[in-house]
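First to last, the sequence lines map onto chains B and C. First residue of the first sequence: 1, per the UniProt record's numbering; consecutive thereafter. First residue of the second sequence: 1, per the UniProt record's numbering; consecutive thereafter.
In short, the hints are calculated from the structure, not lab data. As the structure is a prediction and not an experimental result, all values here were calculated from the model. Errors might be hidden in some of the hints.
To be verified - Cross-link-like lysine-lysine pairs, in silico, DSBU-like; alpha carbons within 35 angstroms at most: (1) C/Lys77 <-> B/Lys77; (2) C/Lys65 <-> C/Lys199; (3) C/Lys316 <-> C/Lys77; (4) C/Lys110 <-> C/Lys249; (5) B/Lys243 <-> C/Lys315; (6) B/Lys77 <-> B/Lys316; (7) B/Lys53 <-> B/Lys275; (8) C/Lys53 <-> B/Lys77; (9) B/Lys110 <-> B/Lys65; (10) C/Lys77 <-> C/Lys53; (11) C/Lys53 <-> B/Lys243; (12) B/Lys110 <-> C/Lys77; (13) B/Lys275 <-> B/Lys316; (14) B/Lys65 <-> B/Lys53; (15) B/Lys53 <-> C/Lys77; (16) C/Lys53 <-> C/Lys65; (17) C/Lys199 <-> C/Lys53; (18) B/Lys65 <-> B/Lys33; (19) C/Lys110 <-> C/Lys316; (20) C/Lys33 <-> C/Lys53; (21) B/Lys77 <-> C/Lys275; (22) C/Lys249 <-> B/Lys249; (23) B/Lys110 <-> B/Lys53; (24) C/Lys275 <-> C/Lys316; (25) B/Lys33 <-> C/Lys33; (26) B/Lys65 <-> B/Lys199; (27) B/Lys33 <-> B/Lys315; (28) C/Lys316 <-> C/Lys199; (29) C/Lys77 <-> C/Lys199; (30) B/Lys243 <-> C/Lys275.
To be verified - Taking beta-carbon pairs under 8 angstroms as the criterion, some of the chain B residues facing chain C (in silico): (31) His36; (32) His131; (33) Asp223; (34) Gly233.
We treat Cβ as the ideally placed atom computed from N, Cα and C, and that holds for glycine.
There are 2 protein chains.
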Amino acid sequence: MSSILLNCMGTVTDHSEYSEPEVPFKNPQIHVKNPHLDTMEEDILYHFNLGTKTHNLPEMFGDIKFVCVGGSANRMKSFAQFIHQELALPGNMDNITDICEGTDRYSMYKVGPVLSISHGMGVPSISIMLHELIKLLHHARCIDFTLFRIGTSGGVGLEPGTVVVTDKAVDCFFRAQFEQVVLGIVITRSTELDMGVSKELLQCSSELDGVPTVIGNTMCTSDFYEGQGWLDGALCSFSTEDKLEYLRKAYNTGVRNIEMESTVFAAMCRACAIKAAVVCVTLLSRFDGDQISTPHDVLVEYQQRPQVLVAHFIKKRLGLIA
Amino acid sequence: MSSILLNCMGTVTDHSEYSEPEVPFKNPQIHVKNPHLDTMEEDILYHFNLGTKTHNLPEMFGDIKFVCVGGSANRMKSFAQFIHQELALPGNMDNITDICEGTDRYSMYKVGPVLSISHGMGVPSISIMLHELIKLLHHARCIDFTLFRIGTSGGVGLEPGTVVVTDKAVDCFFRAQFEQVVLGIVITRSTELDMGVSKELLQCSSELDGVPTVIGNTMCTSDFYEGQGWLDGALCSFSTEDKLEYLRKAYNTGVRNIEMESTVFAAMCRACAIKAAVVCVTLLSRFDGDQISTPHDVLVEYQQRPQVLVAHFIKKRLGLIA
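This is chain B alone, in the form it adopts within the complex (with noise of 0.2 angstroms):
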């Protein structure tokens, strides 16, 4: 690889592409893959404002088996509780403390074996934070782990409040794959999932009530507004017939949810060798309207549906449940 950059720097505004060779999901290590970590005296995770001379990570890390990340901190928190309440253990989780209370980038929950965190909107924000916990799981010997983007989209041709689990995560001209910009160089990444571990989500939430779920592609995209074909934006330059037309040829192609996290969290998983699925829910049906003007309440029902679904998975692997 840094052979071909050095042969590509000359080309960096021709836009070089280059496909990474795949890496088959493997179990139970994980696989960091920068030759440069081992030669640093001290890793400083920047954004979490934890290190590895600062902070014994194994220590407070080691035993992670379950991985949940959102975009939102106050979602993050409410599931941390969740979890605490659903695993049945001991003490009270009125006060948890966010583990990166020094930085207001990221806020980070460890509840006996689960480790919730957000990511803020967007790939760039989810990019950096996936970076440093993946050190992290690292530095912490963490093995034999499964992480779960939780979270909100907007829903193809489905009821609101129907939850997504992503089949393959496409980018907005449909493709199942992820354009990493490296040192000017295009690296395309594949960012197809596990899919284990989706199966096993379905068959959870057909053991739970009131968890609508299906399995689909998710759309991600770099912008809401313009990119998504919100017609309520400050920029609108598109029709409500073209909008539509969009999201008819997303249909047809598979699309049932859109956001903007999921092709850079299933590449960098993919490409580390970490077993993951992308769980949201859908608001509303885009199909139907743009402006959000469902109730409150109802939408709080929604955002938890998720959670419902993982926190049910969680504890079948756990042996708490049948």
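Since chain B is already given, all that's left is putting chain C on it; use the hints.
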């Protein structure tokens, strides 16, 4: 534009490109460019938890003359408290209220004629905020205001702590443009900023001690670790020499700092005819190393420099200093 999109819908995956016509900087009216807004009974600014029916936006925001945005919610709260003190306004700012407290996506504080808002990390996150901010200022009928992004960045060939006022915001291929995907079609937008505001900021810096400031190009990447050539990510396929060569190329095209929001900020401000500037301090020199190990108090002082500079600009504009 609508017809162009319609014509192009059949070739969505060909990445058709279309450059929008240039818009000169206008004053004082903000140019929201969305004909659908006029037909909407209510506009819910979802990620701010504000709306035209639930809030009297002209009364709440009509007197705004300066809008300052930055990544971190804590920093933008501190900035609000700092500007309150600098403008010698009455009242106690210890318990300043977050106007967006009903959501944790962004934080917003108003201090006299100054609005301070956080935007999270990366182009998608700031883009959502800007769409809703521009609509907010439009609904509030704000006129004659200036918009600043005050942030942090990596330096290229500068002493750490230097403030860079952005000349051109460039992408990772050193092009002064922003590619916006609209319904699967790539639209290229100019990232030209208002040079009058930038020169006024440079003049302000010469009147201050301890705020070393230069005007230079700012490179905006969609990724922190691999995109900016950090050697300490979870994935790193390049050598130290590859990294330095890329940074040298950037330097030779006029790049003096690297961050993750400036291109879309500049492009959207230009599209809506808003006078705006990007003012970021460099926390480290990327030619020297990657880990941010500078003492916390030094970093905090660095981060205050763009705030001090913009506060001086505001005080001069308000006639509080000569």
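Hints and how they fare:
1. C/Lys77 <-> B/Lys77: Answer holds: C/Lys77 to B/Lys77 is near 21 angstroms, not above 35 angstroms.
2. C/Lys65 <-> C/Lys199: 19 angstroms, holds
3. C/Lys316 <-> C/Lys77: 22 angstroms, holds
4. C/Lys110 <-> C/Lys249: 41 angstroms, violated
5. B/Lys243 <-> C/Lys315: Status violated; Cα separation ~45 angstroms.
6. B/Lys77 <-> B/Lys316: 22 angstroms, holds
7. B/Lys53 <-> B/Lys275: 28 angstroms, holds
8. C/Lys53 <-> B/Lys77: Distance of about 31 angstroms is within 35 angstroms: holds.
9. B/Lys110 <-> B/Lys65: Given that 35 angstroms is the threshold and the Cα spacing comes to 11 angstroms, the pair holds.
10. C/Lys77 <-> C/Lys53: Given that 35 angstroms is the threshold and the Cα spacing comes to 27 angstroms, the pair holds.
11. C/Lys53 <-> B/Lys243: 26 angstroms, holds
12. B/Lys110 <-> C/Lys77: 27 angstroms, holds
13. B/Lys275 <-> B/Lys316: Holds - the C-alpha atoms of B/Lys316 and B/Lys275 are around 17 angstroms apart, at most 35 angstroms.
14. B/Lys65 <-> B/Lys53: 24 angstroms, holds
15. B/Lys53 <-> C/Lys77: 31 angstroms, holds
16. C/Lys53 <-> C/Lys65: 24 angstroms, holds
17. C/Lys199 <-> C/Lys53: Given that 35 angstroms is the threshold and the Cα spacing comes to 40 angstroms, the pair is violated.
18. B/Lys65 <-> B/Lys33: 21 angstroms, holds
19. C/Lys110 <-> C/Lys316: Within the cut-off at roughly 19 angstroms; holds.
20. C/Lys33 <-> C/Lys53: Satisfied, since the Cα-Cα distance of roughly 21 angstroms is no more than 35 angstroms.
21. B/Lys77 <-> C/Lys275: Given pair B/Lys77, C/Lys275 is violated - Cα atoms ~39 angstroms apart, limit 35 angstroms.
22. C/Lys249 <-> B/Lys249: Violated, at roughly 41 angstroms.
23. B/Lys110 <-> B/Lys53: Since the Cα atoms of B/Lys110 and B/Lys53 sit roughly 20 angstroms apart, the hinted pair holds (cutoff 35 angstroms).
24. C/Lys275 <-> C/Lys316: 17 angstroms, holds
25. B/Lys33 <-> C/Lys33: 45 angstroms, violated
26. B/Lys65 <-> B/Lys199: 19 angstroms, holds
27. B/Lys33 <-> B/Lys315: 32 angstroms, holds
28. C/Lys316 <-> C/Lys199: 14 angstroms, holds
29. C/Lys77 <-> C/Lys199: 27 angstroms, holds
30. B/Lys243 <-> C/Lys275: With Cα atoms ~31 angstroms apart, B/Lys243 and C/Lys275 stay inside 35 angstroms; holds.
31. His36: Cβ of B/His36 sits 5 angstroms from chain C, so the hint holds.
32. His131: 4 angstroms, holds
33. Asp223: 5 angstroms, holds
34. Gly233: OK, holds: B/Gly233 within 8 angstroms of chain C, min 4 angstroms.
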